[in-house]
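Trainee: Next come the chains, spelled out residue by residue.
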Amino acid sequence: MRAWINRQSLLVDYTLSALARHGGRNLGLFVVYSGIVFVLASTMLFTDALRREARLLLAHSPEVLLQKLKAGRHAYLTREDLESLGQVRGVSRVEGRRWGYFYDPVAGANYTLMAPGVDPPDRGRIDVGDGVARARGLAVGDTLSLRSAAGGLFVLVVGRVFSAESSLVAADLVLMHPTDWEAFFQLPGDVFTDAAFTVDNPQEVRNVARKIGERLPEARVILREELLRTYASLFDWREGILLALAGIAAAAFAILAWNKASGLSADERREIGILKAIGWDTRAVLTMKMWEGALISGGAFAVGFLAAWVHVFHLEAALIVPVLEGWSVLYPRFVLTPAVDAVSLLTLGLLTVLPYTLATLVPAWRAAVTDPDQMMRGTE
Amino acid sequence: MSALIELAGVTKVFHEGQHNALVALCDVDLALEAGRITVLQGPSGSGKSTLLSVLGCLARPTSGRVRVAGEVVSNLPEAFLADVRRRTFGFVFQQFHLIGGLSARTNVMLPAYPTGRTHSEIARRAAELLGQLGLEKLTDARVEWLSGGEQQRVAIARALINDPRVVIADEPTANLDSALSAEFLGILAGLRDEGRTVIMSSHDPRVCEAAVVDRVVRLLDGKVEA
Ligand SMILES: Nc1ncnc2c1ncn2[C@@H]1O[C@H](COP(=O)(O)OP(=O)(O)OP(=O)(O)O)[C@@H](O)[C@H]1O
Ligand SMILES: [Mg+2]
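Chains A and B supply the protein sequences, listed in that same order. With the working numbering, letter number 51 in the first sequence gets 51, and the count goes up by one each step, no holes. With the working numbering, letter number 30 in the second sequence gets 30, and the count goes up by one each step, no holes.
Think of the hints as simulated: they come from the structure by calculation, not from any bench. Note that beta-carbon positions come from the ideal geometry of N, C-alpha and C, so glycine has one too. The reader is advised that the hints may include incorrect statements.
Claimed, not checked - Just a sample of chain A residues kept apart from chain B, beta carbon distances all over 10 Å, derived:
1. Ala-20
2. Arg-21
3. Ser-61
4. Leu-69
5. Ala-75
6. Val-118
7. Arg-125
8. Thr-143
9. Leu-144
10. Arg-147
11. Arg-160
12. Thr-179
13. Thr-193
14. Lys-211
15. Asp-373
Stated by the list, open to error - The calculated label-pair distances, taken between Cβ atoms and stated as ranges, are:
16. A:Ser-17 with B:Gln-95: 17 to 25 Å
17. B:Pro-43 with A:Gly-35: 24 to 32 Å
18. A:Ala-302 with B:Pro-77: 34 to 42 Å
19. A:Leu-350 with B:Pro-43: 31 to 39 Å
Chain A with its partners taken away, still in its complex shape (with noise of 0.2 Å):
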């Protein structure tokens, strides 16, 4: 064991000085290599992200939600209503929802300003999502100054900065106290933006759905089943995955090409040449060879993956949104949460460096069972 470790750390000593001394080829194909793992990963992290934001926003809905519409606008509910709504059999539990939009000129960003209806923050403290306090530079114990549409200025002292799972669940949600929401709307008291329903029996939620439309008529009715289905069919993972595979199946096949046309150098043939000439047997050039594919390969996933995890969490993934358009309905602000799928990074790892480290030792198996006379004179 300790001779193996010996023999593997003088492999990798020797691989590394004879990748730096055959420089420039090595070094572009690196550069390529990193350019298509950067590609695919970013695609692969970005989707991913989005399908778990998805998940969670999902996670977090609940399961009938319903806007009350007056000659087709948005409207208010009212305590009635949601009284009227929680009789209609199989709801277990109605919950009236407050929140608004609120533009904030000094961010230039959007917030969702709620007054939760259990455990809301004390007057004149409110709660802030990470993405709230990231774009106004807020901590504990800083006060966020907001002026109203009315025109009041409302100053309120930040009690906590909860950084959600998701940022689409939580980033731009502030929770305040319900009557500072109402004087920040100038809303009454007593009136909702949205009801939340909870169903007993999971069977019935389109019969229940159905009653609860009935009950009022100008309403909309939306059920998270019908959001699972839209957000699955924009996502379809499927699909995906067999996207992200034929693309590095395309790109493995082009390095391969590319590494066997070109084969070894006369450089790199007599180097092998000399080496077995002095008593290095075929399993070390071959080992040899497969670290330098290994870590020219695994390198360059490294620096690949790497660049693709900045460019789509630290950069919003600016280079591939225009050419994955589609999403950017959906969420407008590209601040993914940074997260990896264990299954995903381990799917494209194997697939962008196993290939290449097996095809560097075809060429080099090759050299290696020449005459080492032939290879040094290069008359092989």
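With chain A's structure known, arrange chain B with the ligands on it following the hints.
Mentor: Chain B with the ligands in isolation, oriented as in the chain A frame:
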């Protein structure tokens, strides 16, 4: 049958079957005993380097048979030949064949990389050998900066790093002055006294006639002279 290396009817043809076919070795029979210093002597182009390559399992003969320590190696595939070579031989090539871009020390250490010894162990031995050959000041220099004689000594140190049973040296003194040549012959005598076998080629009459040399084999046009 006590010979360490035996050649029977060995012929080596380059570019066989082509218009430029060239017979470099022709029906060579040769037996080399262990623990001796043998010198191959002959004019340029007589096949000395080719014979050393075949002896040292760097090339396979076109026909004929080569035995090393009783084992027939002439029909082994290269993968097995490599093992025989690693276990048995240390080479000093006529063109040195050092690896450019690396230091003298690294070049000397290279043959020992796959052996499983530690870096420091190998480095210590390399420094020792380079010291014996008067190169202690140049261990860190890149080999392409060295003079011909210095490169040759690096090549000699490299051949000795794995303590081979057989040292094969092709014109090892061609670039050495007489003092260093004498020193080199001293090193060879030391190796022989440890029971190792030395086979080399040389033009140099001082080498062929040196007291340490046990046997001189003359080559002419690919044939061994009686
Ligand atoms: N790989 C090869 N391909 C073709 N011809 C070769 C090859 N190697 C050697 N030869 C030829 O074989 C003959 C013997 O060459 P070799 O190198 O063995 O001679 P040598 O005795 O070592 O000469 P020198 O003293 O100049 O080194 C020469 O004519 C040479 O041109
Ligand atoms: Mg020669």
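Trainee: For Arg-125 (chain A), which was marked as not at the interface, is the minimum beta-carbon distance to chain B over 10 Å?
Mentor: Given that every Cβ of chain B is farther than 10 Å from that of Arg-125 (chain A), nearest at about 64 Å, it holds.
Trainee: Is the Cβ of Ala-20 (chain A) farther than 10 Å from every Cβ of chain B?
Mentor: violated, 8 Å
Trainee: Starting from the hint 17 to 25 Å, judge whether the C-beta atoms of Ser-17 (chain A) and Gln-95 (chain B) obey it.
Mentor: holds, 21 Å
Trainee: Hey, does Arg-147 (chain A) actually stay past 10 Å from chain B on C-beta?
Mentor: Non-interface label stands for Arg-147 (chain A): nearest chain B Cβ at 68 Å, farther than 10 Å.
Trainee: Thr-193 (chain A): least C-beta distance to chain B exceeds 10 Å?
Mentor: Holds: least Cβ distance 71 Å, greater than 10 Å.
Trainee: Say whether it holds or is violated: Lys-211 (chain A) keeps its Cβ farther than 10 Å from all Cβ of chain B.
Mentor: Per Cβ check, Lys-211 (chain A) is outside 10 Å of chain B; nearest 79 Å; holds.
Trainee: Using Cβ atoms and 10 Å as the threshold, tell me whether Arg-160 (chain A) really stays out of contact range of chain B.
Mentor: holds, 56 Å
Trainee: Can we trust that Thr-143 (chain A) is non-interface, i.e. its beta-carbon lies farther than 10 Å from all of chain B?
Mentor: Since the minimum Cβ distance to chain B is about 62 Å, Thr-143 (chain A) lies beyond 10 Å and the statement holds.
Trainee: Measuring Cβ to Cβ, find out whether Leu-144 (chain A) lies farther than 10 Å from everything in chain B.
Mentor: Non-interface label stands for Leu-144 (chain A): nearest chain B Cβ at 61 Å, farther than 10 Å.
Trainee: Confirm or reject the statement that Thr-179 (chain A) sits farther than 10 Å, beta carbon to beta carbon, from all of chain B.
Mentor: At about 74 Å from chain B, Thr-179 (chain A) clears the 10 Å cut-off, so the statement holds.
Trainee: Far enough from chain B: is every CB of that chain over 10 Å from the CB of Asp-373 (chain A)?
Mentor: Label violated. Min Cβ-Cβ 4 Å, cutoff 10 Å.
Trainee: Can we confirm that no CB of chain B comes within 10 Å of the CB of Arg-21 (chain A)?
Mentor: Given a closest Cβ separation of 4 Å, the condition is violated.
Consistency with the previously given hints fails for numbers 1, 2, 15, 17, 19, ordered from lowest to highest.
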